[in-house]
Each structure stands twice: as structure tokens, then as C-alpha cells.
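Asker: Sequence:
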Amino acid sequence: MYYEPNSRVTVGNVVFNNVNRVQITESVKELGDKAIVVLPRNYSTIAGQGVLDYLKTGDPVKIELGYDGNYWTEFSGFLDEIESSEPLVLHIDDAFYHLKRNNFVKAWPSISLKQLLEFIAPNYTIECPGVNLGTFQISNASSYRVLRELQKQYGFYSYIRDQVITCQFAYDVRGIGDIWTYKFYNNVKRNDLAYHRKEDVKVRIKAIANQRNGKKLKYETGSDDVNYASVRTLNFGAITEKELKQAADAWYNKLSFDGYSGSITGFAYPRTHAGDTLKIIDDLEPEREGNYLIEKTIIVYDLTKGYERQNTLSFKV
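Each residue of the sequence shown is one higher than the one before, counting from 5 in the working numbering.
Since the hints were derived computationally from the structure, they do not count as laboratory data. Be a bit skeptical, because a hint or two may be false.
[As the list claims (entries may be wrong)] SDA-like mimics (lysine to any residue), calculated; alpha carbons at most 20 angstroms apart, straight line:
#, residue 1, residue 2
1, 320, 204
2, 309, 272
3, 258, 227
4, 118, 134
5, 258, 238
6, 222, 233
7, 202, 316
8, 33, 132
9, 193, 294
10, 38, 73
11, 220, 136
12, 33, 155
13, 202, 156
14, 258, 237
15, 220, 138
16, 193, 82
17, 220, 101
18, 210, 191
19, 187, 312
20, 309, 191
21, 104, 166
22, 60, 42
23, 320, 291
24, 249, 260
25, 222, 157
26, 38, 82
27, 283, 262
28, 283, 153
29, 206, 266
30, 156, 215
31, 187, 316
32, 104, 145
33, 60, 16
34, 309, 274
35, 66, 27
36, 38, 101
37, 202, 253
From just these sequences and the hints, can you work out the full model?
Answerer: If you want it as C-alpha cells, here you go:
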């Protein structure tokens with residue numbers, strides 16, 4: 005059965021039907037989702053005027069994709085950049101767009117994570133753990149840069165939905181997502197998966213607890229093969245040495261499992277997203293079935309390649 009793909013991209017008051025290509029990138033470990041839209045050459049003018057006369061950075065953007073005249077909203081955001089070559093290429097940011105365009109200079113002898121987020125994003129509802137960051141300073145930085153620093157120094161990742169900023173550890177930040185099923189030889193387009201045993205996983209955890217007095221507690225666990233082990237650095241707030249060890253050991257056990265790693269690509273539906281759970285079914289090797297957190301999803305709509313979703317797997321759930 006063949007389905008006819010269709011697209012609709014709205015930028016400000018301008019509607020583009022049937023674009024050449026859309027690529028949307030979502031990740032639980034990146035700060036903000038992004039989209040790229042490539043317009044056909046016949047959109048170089050609209051009503052006798054150049055298309056650039058109708059577009060400006062900051063315009064709201066909605067990307068709708070689907071089949072046979074039906075549409076799903078796949079992305080909403082703001083126009084960040086226009087490549088004016090032919091064909092036109094539009095770069096679109098999600099709700100973090102406005103948080104990149106302010107500036108703060110401020111220092112606190114002691115401040116909680118929630119107080120800091122309320123300061124840099126006063127128009128948002130804040131959801132975050134009750135963590136005291138201790139001494140904190142903003143030196144001529146935007147809200148976005150502060151959020152990046154929280155991610156880098158403390159391991160707190162941020163996500164925005166419906167005017168709510170959630171700041172949590174990476175794999176918790178998008179909440180509990182939907183559960184979808186991929187079945188080999190049914191709705192799997194292609195895959196780049198590798199099956200491994202727990203004992204073959206070479207990963208080392210470096211855990212850091214940032215204390216209120218500025219000191220850091222450190223703990224390491226995992227593979228001793230320092231030449232080949234991948235390193236995951238986890239930052240925590242002011243927790244005890246015992247709590248730090250428990251958290252690091254739990255993460256190591258979560259990342260060391262019998263199962264798949266890599267990516268698996270499906271079609272437009274099911275509509276998987278980063279943060280969702282993907283159940284993989286294999287009738288030929290049922291012992292390899294399992295549920296996995298989707299760490300990253302790349303949604304591609306292309307006139308020649310079709311409409312697909314590439315999902316990068318994280319740990320088993």
C-alpha cells in the first residue's frame with residue numbers, strides 16, 4: 005500500500021505547502037530541539053515579491069507533516085536563521101529561542117536551583133528538584149547559557165513545554181513518554197543495531213557531588229579498561245558520599261545490560277520522540293526483545309527518501 009506524503013510549514017503569516025525537505029532533531033541530552041526546512045525553488049517569490057520580504061527571524065513556525073491529506077504537528081518554534089541561497093534553507097529553534105536573547109549579571113552567596121531558574125526565566129513555571137547550588141555567579145550571560153552551565157557543571161538538563169521549564173537529570177527531563185513498538189520485518193525500515201552482553205559493555209562512571217561550601221565529592225565505578233571504556237560524568241547536588249556511591253552504582257548497572265545499542269529507523273508512524281520508550285520485537289530471536297529509552301530522534305521528511313524516524317537507543321527500561 006502506498007501513502008502520499010504531504011507537508012505544510014507556516015512561518016508567521018506565510019504558508020508553504022509541500023517543502024523539499026524537513027529534518028527535526030530531538031535529544032534528551034541536548035539543550036533544545038531544532039529543525040531545518042528546505043524550500044522548493046518555486047517559492048523564491050510570493051505574489052510578485054521576494055519570499056525574504058515576508059520572512060524575518062523570530063517569526064513563529066509550525067511544521068506539519070503527514071500522509072494523504074492528514075497532518076501531524078511535528079515541531080513548533082521560531083525562525084532563527086535564513087540561508088538566502090537557492091533553495092532557501094530555514095533554521096528553526098524551539099522554545100529556547102527567546103532565552104538566548106537576554107542578558108544577566110548577578111552573583112549570589114547561596115541560591116537554590118529553583119530560585120535561579122525563576123530569576124533567569126520569570127515568565128515560566130518551574131519544575132525542578134529542591135537543590136541548593138551554593139555560590140553562583142552569572143557574568144554577562146543569557147538564560148540559555150546559564151542553563152548550559154547547569155547542564156555542564158551539575159548535570160541538570162532543561163526542557164520547555166507549554167511555558168513550563170523542567171530541569172532534571174538527562175533521562176528524567178522529558179518525563180514519562182509514550183510506549184511504541186517496532187517489530188522486525190514489519191514496521192522497521194532499517195537498523196544499525198548491535199547486540200551485546202552485559203560483560204562486554206565497557207563504561208566507566210565518574211560521579212561528582214557539588215557541596216554547598218564549594219567542595220566536590222568524587223566517586224568512580226565501572227570498567228577498569230581505561231583505554232577502551234567510554235566515560236560518563238554525572239554531576240549531583242549536595243548529597244552525601246553514600247548517596248553519591250549509590251547513585252553512581254545504579255547508573256552503571258543501568259548502562260550495563262544484555263541488549264541492543266545503536267539506532268533503528270521506522271516510518272512516519274508510530275510517532276516516536278526522544279524520551280519515549282521503544283519496545284523491540286524479534287520473532288526470529290525473541291530472547292533479544294526489550295524496552296529501550298529513546299535518547300535521540302531524527303525525523304526526516306524528504307521528497308525522494310520519504311518520511312521516517314531514526315531513533316538512537318539508550319538503556320533498557
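Asker: Could you run down the list of hints and mark each one as holding or not?
Answerer: Cross-check of the supplied hints:
| no. | hint | result |
| --- | --- | --- |
| 1 | 320 / 204 | holds (16 angstroms) |
| 2 | 309 / 272 | holds (12 angstroms) |
| 3 | 258 / 227 | holds (14 angstroms) |
| 4 | 118 / 134 | holds (7 angstroms) |
| 5 | 258 / 238 | holds (13 angstroms) |
| 6 | 222 / 233 | holds (19 angstroms) |
| 7 | 202 / 316 | holds (19 angstroms) |
| 8 | 33 / 132 | holds (17 angstroms) |
| 9 | 193 / 294 | holds (18 angstroms) |
| 10 | 38 / 73 | violated (25 angstroms) |
| 11 | 220 / 136 | holds (14 angstroms) |
| 12 | 33 / 155 | holds (9 angstroms) |
| 13 | 202 / 156 | violated (28 angstroms) |
| 14 | 258 / 237 | holds (14 angstroms) |
| 15 | 220 / 138 | holds (12 angstroms) |
| 16 | 193 / 82 | violated (31 angstroms) |
| 17 | 220 / 101 | violated (33 angstroms) |
| 18 | 210 / 191 | violated (38 angstroms) |
| 19 | 187 / 312 | holds (15 angstroms) |
| 20 | 309 / 191 | holds (16 angstroms) |
| 21 | 104 / 166 | holds (18 angstroms) |
| 22 | 60 / 42 | holds (16 angstroms) |
| 23 | 320 / 291 | holds (14 angstroms) |
| 24 | 249 / 260 | holds (16 angstroms) |
| 25 | 222 / 157 | holds (13 angstroms) |
| 26 | 38 / 82 | holds (10 angstroms) |
| 27 | 283 / 262 | holds (15 angstroms) |
| 28 | 283 / 153 | violated (34 angstroms) |
| 29 | 206 / 266 | holds (15 angstroms) |
| 30 | 156 / 215 | holds (16 angstroms) |
| 31 | 187 / 316 | holds (16 angstroms) |
| 32 | 104 / 145 | holds (9 angstroms) |
| 33 | 60 / 16 | holds (8 angstroms) |
| 34 | 309 / 274 | holds (18 angstroms) |
| 35 | 66 / 27 | holds (13 angstroms) |
| 36 | 38 / 101 | holds (10 angstroms) |
| 37 | 202 / 253 | holds (15 angstroms) |
Consistency note: the structure conflicts with the earlier hints numbered 10, 13, 16, 17, 18, 28.
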